[in-house]
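Trainee: What follows is the residue order along each chain.
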Amino acid sequence: MEDFEKILAELSKPEVKELKHQDLLGENIMRAKNRNALSFWWLVIPFYIIATLTMKTWYMKTTLKQEINLFKKDDPILSVLLFLIFPAFIICFNAFFSSKRTLVNNVLVIFSSIVIFIYMLTCYV
Amino acid sequence: MPEEKLFERIKDHPAVFSEIFDLYYKPIFGYILRRTADFDDTADIASETFFKVFKNISKFDQRGIPIKVWIYRIATNEMNLHFRNQKKYKRLFENNAMNEPELFKSYLLADRQILERELLLHKQYQAVVAHLKQMPVKYQEVIALRFFEGKDYKEISEILNLKEGILKSLISRGLEKLKKLCKEVTFDGRL
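Line by line, the protein sequences are chains A and B. My numbering puts the first residue of the first sequence at 1335, with every later residue one more than the last. My numbering puts the first residue of the second sequence at 239, with every later residue one more than the last.
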């Protein structure tokens, strides 16, 4: 066994003398840390709206669909902005521009999809 | 610069991370290359290792272990995840966030050509690594650190967070298994 240990220790091994990509990689690692997804706080806005509408349905004995439709009727531009455009923007940003997929990125994408799904459901169901 | 002074500077000026990167990137790259014997995997694992180092440098407690040991530990864990197929890497240069991606790709290609040629010059080593990769990860890491990186038992036990007794036992059992696997490998006519 000692013979085999000696053989392994003395075995000629590959060495790394120079790495051309090292400097550029170092710069990019330091830049990458600062490129994060949009903070999840941005998604609080549409979720807050849905939460208030849900509470309204509870107390007014209506349905979420009715409340969202009422919201759409009262303010069509804001409802499209909050429930469609804004979550779609978050999904696109996280999917294509984030330098690193993290748990926050994935959660944001999932929540944004849920918001869009709820809105589309109220339109067509 | 002594490691303690470097670390103190990092706390005040995180950009000093580049000094740590310059100091340790090549040795860590070499460590990963000698274990994986594959340039592309090495490049991915090494970049992920240092990304984690940069992300967590402010949380690192210098009183525990030296920073070098900490970086080796991260690199070892990343390699283990790779070998256990738990982690697939999106190549760093494929991300849109990369600055000068074409230049980076060309540097990477140049490095790949040099290191793949270097690997080919060490056929016996490649044969041993091919057999080592067939073994459980716990043996791979101790044998690689002891015999390929030349680390002593104290340093290996710090990197892997193992007691020295357990470490020696792992090395002993790992060597037995590796010796059997390397039966047909010729080491300058001695085996």
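The hints are simulated quantities; they were obtained by calculation from the structure and are not laboratory data. Source: prediction; values computed, not measured. Heads up, a few of these hints could be off.
Unchecked claim - Among the chain B residues that face chain A by a calculated CB cut under 8 angstroms, a handful are:
(1) Leu271
(2) Arg272
(3) Thr274
(4) Phe277
(5) Phe288
(6) Asn337
(7) Glu338
(8) His360
(9) Pro374
(10) Phe385
(11) Lys389
(12) Glu393
Using N, Cα and C, we set each Cβ at its ideal position, and we do this for glycine too.
Trainee: If a hint holds in the structure, say so; if it doesn't, say that too.
Mentor: Structure-based check of each hint:
no., hint, in the structure
1, Leu271, "holds, 6 angstroms"
2, Arg272, "holds, 6 angstroms"
3, Thr274, "violated, 11 angstroms"
4, Phe277, "violated, 10 angstroms"
5, Phe288, "holds, 6 angstroms"
6, Asn337, "holds, 5 angstroms"
7, Glu338, "holds, 6 angstroms"
8, His360, "holds, 5 angstroms"
9, Pro374, "violated, 18 angstroms"
10, Phe385, "holds, 4 angstroms"
11, Lys389, "violated, 12 angstroms"
12, Glu393, "violated, 15 angstroms"
When held up to the earlier numbered hints, the structure conflicts with 3, 4, 9, 11, 12 and fits the remainder.
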